[in-house]
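Participant: Same order as they appear, the protein sequences are chains A and B.
Under my numbering, the first residue of the first sequence is numbered 88, with each subsequent residue one higher.
Under my numbering, the first residue of the second sequence is numbered 30, with each subsequent residue one higher.
Among the clues, some could well be false.
Pairs of lysine-lysine residues, derived as DSS-like cross-links and limited to a Cα-Cα distance of at most 30 angstroms, are as follows [said to hold, decoys possible]:
| hint | chain 1 | residue 1 | chain 2 | residue 2 |
| --- | --- | --- | --- | --- |
| 1 | A | 399 | B | 137 |
| 2 | B | 188 | A | 515 |
| 3 | B | 180 | B | 230 |
Label-pair distances were calculated between CB atoms; the ranges are [unchecked claim]:
| hint | chain 1 | residue 1 | chain 2 | residue 2 | range |
| --- | --- | --- | --- | --- | --- |
| 4 | A | 344 | B | 58 | 26 to 32 angstroms |
| 5 | A | 417 | B | 233 | 34 to 40 angstroms |
| 6 | A | 465 | B | 188 | 48 to 54 angstroms |
| 7 | A | 403 | B | 171 | 28 to 34 angstroms |
Derived coverage of chain B by chain A (criterion: at least 3 residues anywhere in the stretch with Cβ under 8 angstroms from a Cβ of chain A; other residues may be distant) [to be verified]:
| hint | segment |
| --- | --- |
| 8 | 92-100 |
| 9 | 136-145 |
| 10 | 196-209 |
In case anyone wonders, no lab produced these hints; they're calculated from the structure.
Cβ atoms here follow ideal geometry from the backbone N, Cα and C, with glycine treated the same way.
So you can see what is in the structure, the chains are spelled out below.
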Amino acid sequence: MTEMSASATQIQRPDLSGKRLKRRYAAEARFRLYGLIAVFAALGTLVLLLFSIISNGYTAFAQHHIALEVTFDEAEIDPTGERDPQVLRRANYQGIARSSLRNAFPEVTERRERRALTALMSGSADQTLRELVMANPDVIGTTQRVWVKASDELDSFMKGHISRDVPESDRRIKDRDIVWIDQLIAAGNIESQFNTTFFTAGDSREPEQAGIWGATVGSFLMLFVTLVLSFPIGVLSAIYLEEFAPKNRWTDLIEVNINNLAAVPSIVFGLLGLAVFLNFFGLPRSAPLVGGMVLALMTLPTIIIAARAALKAVPPSIREAALGVGASKLQAVTHHVLPLAMPGILTGTILGAAQALGETAPLLMIGMVAFIVDIPGGFTDSATALPVQIYLWADSPERAFVEKTSAAIMVLLAFLVVMNAVAVLLRKRFERRW
Amino acid sequence: MAMAAENLMVQNPETSDHKMIARDVSVYYGEAQALKNVDLDIGRNEVTSLIGPSGCGKSTFLRCLNRMNDVIDGCRVVGDITLDGHDIYDTKLDVVQLRARVGMVFQKPNPFPKSIYDNIAYGPRIHGLGEAKSDTDEIVERSLTRAGLWKEVKDRLDKPGTGLSGGQQQRLCIARAIAVNPEVILMDEPCSALDPIATAKIEELIDELRQNFTIVIVTHSMQQAARVSQKTAFFHLGDLVECGDTQQLFTNPNDERTQGYITGRFG
Ligand SMILES: Nc1ncnc2c1ncn2[C@@H]1O[C@H](COP(=O)(O)OP(=O)(O)OP(=O)(O)O)[C@@H](O)[C@H]1O
Ligand SMILES: [Mg+2]
Numbered sequence: 088m089t090e091m092s093a094s095a096t097q098i099q100r101p102d103l104s105g106k107r108l109k110r111r112y113a114a115e116a117r118f119r120l121y122g123l124i125a126v127f128a129a130l131g132t133l134v135l136l137l138f139s140i141i142s143n144g145y146t147a148f149a150q151h152h153i154a155l156e157v158t159f160d161e162a163e164i165d166p167t168g169e170r171d172p173q174v175l176r177r178a179n180y181q182g183i184a185r186s187s188l189r190n191a192f193p194e195v196t197e198r199r200e201r202r203a204l205t206a207l208m209s210g211s212a213d214q215t216l217r218e219l220v221m222a223n224p225d226v227i228g229t230t231q232r233v234w235v236k237a238s239d240e241l242d243s244f245m246k247g248h249i250s251r252d253v254p255e256s257d258r259r260i261k262d263r264d265i266v267w268i269d270q271l272i273a274a275g276n277i278e279s280q281f282n283t284t285f286f287t288a289g290d291s292r293e294p295e296q297a298g299i300w301g302a303t304v305g306s307f308l309m310l311f312v313t314l315v316l317s318f319p320i321g322v323l324s325a326i327y328l329e330e331f332a333p334k335n336r337w338t339d340l341i342e343v344n345i346n347n348l349a350a351v352p353s354i355v356f357g358l359l360g361l362a363v364f365l366n367f368f369g370l371p372r373s374a375p376l377v378g379g380m381v382l383a384l385m386t387l388p389t390i391i392i393a394a395r396a397a398l399k400a401v402p403p404s405i406r407e408a409a410l411g412v413g414a415s416k417l418q419a420v421t422h423h424v425l426p427l428a429m430p431g432i433l434t435g436t437i438l439g440a441a442q443a444l445g446e447t448a449p450l451l452m453i454g455m456v457a458f459i460v461d462i463p464g465g466f467t468d469s470a471t472a473l474p475v476q477i478y479l480w481a482d483s484p485e486r487a488f489v490e491k492t493s494a495a496i497m498v499l500l501a502f503l504v505v506m507n508a509v510a511v512l513l514r515k516r517f518e519r520r521w
Numbered sequence: 030m031a032m033a034a035e036n037l038m039v040q041n042p043e044t045s046d047h048k049m050i051a052r053d054v055s056v057y058y059g060e061a062q063a064l065k066n067v068d069l070d071i072g073r074n075e076v077t078s079l080i081g082p083s084g085c086g087k088s089t090f091l092r093c094l095n096r097m098n099d100v101i102d103g104c105r106v107v108g109d110i111t112l113d114g115h116d117i118y119d120t121k122l123d124v125v126q127l128r129a130r131v132g133m134v135f136q137k138p139n140p141f142p143k144s145i146y147d148n149i150a151y152g153p154r155i156h157g158l159g160e161a162k163s164d165t166d167e168i169v170e171r172s173l174t175r176a177g178l179w180k181e182v183k184d185r186l187d188k189p190g191t192g193l194s195g196g197q198q199q200r201l202c203i204a205r206a207i208a209v210n211p212e213v214i215l216m217d218e219p220c221s222a223l224d225p226i227a228t229a230k231i232e233e234l235i236d237e238l239r240q241n242f243t244i245v246i247v248t249h250s251m252q253q254a255a256r257v258s259q260k261t262a263f264f265h266l267g268d269l270v271e272c273g274d275t276q277q278l279f280t281n282p283n284d285e286r287t288q289g290y291i292t293g294r295f296g
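With the rest of the complex left out, here is chain A:
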């Protein structure tokens, strides 16, 4: 640069005029407005979703019960008087429950009418009585007021899901039922109680006897298998690929394939499980073991990708520092890189697990869609999973299953929220800066 040009060129200072300033402020305000709109749109949909699920489902946590005056007649229950449990178990509690209800309505005599009357009571009433007697044989010979479950139709009616204003032919609760119900209410013999069955029972054809515990146990057995398989395999592959593998065409190919695998529709993993685990290896159908293996395949790419990203985020200077004081590559990774990457890896794993917990399609392929009443006791027992249970209930015609479906969704969402909260906590807990 010569002196000539330095003095000849006019020095340009930044343009500080108010017009430019105003334009910049306007652009910033506009941007913030768009951002707010986007956030509120997202929040709004979420609130709408939660509102519809909760308003549909909260009623499922309560269940109406009917009070019966039950006479535990010794001649009927325990003719020998020995209180032998075998005998006590086999007594005709169904008949006792029915006659107890009929006794409350002596005016009902016609056979069809009497059957309609006892149908107001759940089919599980005999079980309630049996458990009562088995637990406390002293009640034999006395008369007790016992709360038994109402039928799902009575329950729906009481919850307002079946309206009195609808023409009689269009509702499951008929006019004469309503008369009886009103009498029961007047006598204080109908009451809404907390629905423990929903949290302790397996599936059932009768809505008032159906619960999600079976599906929950199935889901968590499956999730356990998934994590035991996919966490170590995923983290080890990520460490190998990120820290040790040479960068060449083969590792590039592997990387591309892992990314593709993460995008494969989940039902394909179900088909794979069906073909390989069931048909080839002959593992049992509907078992949490197989479900967990299929979900592990599905979660694996998610975990590998998250773990690799977490490892990559650790600055190379940390590795150099460790190598510089004479740590081996493995020591540098296990002592320094891995602990720093762990929060990210765990977050990825939990998100992968949450995804697996909510997965339905692959489970349909390996027979976990079956109707299973028993609570699974092990990894090879027949089981179903929470999302599959939701799917099954959503498909059921009974009105009472609608609220059960929403309630099951609430339970599933609660688990997912807890898992994500744990992920956030872990990230906070282990967060370190460098």
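On the provided structure of chain A, position chain B with the ligands as indicated by the hints.
Facilitator: Structure of chain B with the ligands alone, referenced to chain A:
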């Protein structure tokens, strides 16, 4: 190469004046050549300083001496470098042991995101020095004292090393490097973030370490090179332009590029 190796074997390498010898060393980052046929002897128990304009390959050369370039993708080193007469790029050589013998202080301070104590104790621990807690305590205190950091941090040894100021971090890294007692210490601009007092302390340390260690230091301060080093090597655009006694190089350089650099005419 065979010839070079023969030449090196003339003297007994354990007692030779030269701790490390580099012959015909070239370094490539992918296609780009960063160092061109560098020959340099590093004297035993001497301080050798590397000077030169930014980007001339000082750090690159330094990193060759403990094979730190191995971890950079696409970096290729050709030529011979020996430590006590043994080729350090020999496939049979264990690079972890090499780095335990040739320690390094990096250009950018890079403390572990752990406590100050653990930063120092990590090296001794993995090398089986100071098994007992009291031994480790002593190593930590001595290393921090020598690096001139002990007074400032002795009450917060359990606080993270990353919470220190830039200059403190740099001294922490120096303390970490000397804690394992390597035979050679490579220092890449160890005083770039330090005030004059801390710099004087480090220079004192370097002078003291010279009794038992061989030191290679990269510096942008000619005064510092003149103060601490016995030998100086001047790099320019990947070439080793000139290397010799510090006194002689600064007062009477052979090459006009050296002359230009030390008088501040370019660089
Ligand atoms: N990781 C790398 N990948 C590619 N090129 C690199 C890398 N590191 C250094 N280089 C190049 O090699 C040359 C020498 O770099 P080097 O870091 O050795 O310079 P330097 O002398 O230490 O400079 P400074 O004094 O600024 O630290 C430069 O041209 C640089 O761009
Ligand atoms: Mg450098």
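Participant: Take the hints in turn and mark each one as holding or not.
Facilitator: Status of the hints after comparison with the structure:
no.	hint	verdict
1	A:399 x B:137	holds (19 angstroms)
2	B:188 x A:515	holds (18 angstroms)
3	B:180 x B:230	holds (13 angstroms)
4	A:344 x B:58: 26 to 32 angstroms	holds (30 angstroms)
5	A:417 x B:233: 34 to 40 angstroms	holds (37 angstroms)
6	A:465 x B:188: 48 to 54 angstroms	holds (50 angstroms)
7	A:403 x B:171: 28 to 34 angstroms	holds (30 angstroms)
8	92-100	holds (count 3)
9	136-145	holds (count 5)
10	196-209	holds (count 5)
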